[in-house]
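Colleague: Sequence:
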Amino acid sequence: MTTLLAQELLINGLAAAVLALSIDRRLLWGALTFAAGSFAVLAMPAFAFEAFGAVNFFAMGLIALVWRAPGNDHARS
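This note's numbering puts the first residue of the sequence shown at 1, with every later residue one more than the last.
Worth flagging that the hints you see were computed from the coordinates, not collected in a lab. Only a predicted model underlies this, so the values are computations on that prediction, with no experimental measurement involved. Each hint should be verified, as a subset may be incorrect.
Claimed, not checked - Now the in silico label distances, taken between C-beta atoms and shown as ranges: (1) L65 with S22: 26 to 34 Å; (2) L4 with R68: 15 to 23 Å; (3) A46 with V18: 30 to 38 Å; (4) A43 with I23: 26 to 34 Å; (5) L21 with A46: 29 to 37 Å.
Note that the Cβ used here is the ideal one computed from N, Cα and C, for glycine as well.
All chains should be modelled from the sequences, with the hints used to inform the complete structure.
Modeller: The following block contains the structure:
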């Protein structure tokens, strides 16, 4: 089961990398997060599901943070 989770993260990383290369280079950070998470899941098989969830959370948050509109760099007040 652990290897399936790691493979899924690796596939997500490859998909994010292809999207980054075709749409916007800033999305590569999400691809790197997925790839690192794949190794984290393999390194900690006892916490595979927790690591899988944390990697998805951080990768999507990082993609959303990096890929925001250029005019939205400051917080709205």
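Colleague: Would you mind marking each hint as holding or not holding in the structure?
Modeller: Checked hints:
At roughly 20 Å, the beta carbons of L65 and S22 sit outside the given window of 26 to 34 Å. Here the CB-CB span from L4 to R68 is close to 33 Å, at odds with the stated 15 to 23 Å. Take A46 and V18: their Cβ atoms lie about 32 Å apart, and the range 30 to 38 Å holds. Checked against the given bound of 26 to 34 Å, the beta carbons of A43 and I23, roughly 31 Å apart, stay inside it.
Range check, L21 to A46: about 35 Å between beta-carbon atoms, so the 29 to 37 Å window is met.
Figure legend: structure checked against the earlier numbered hints; hints not met, in rising order: 1 and 2.
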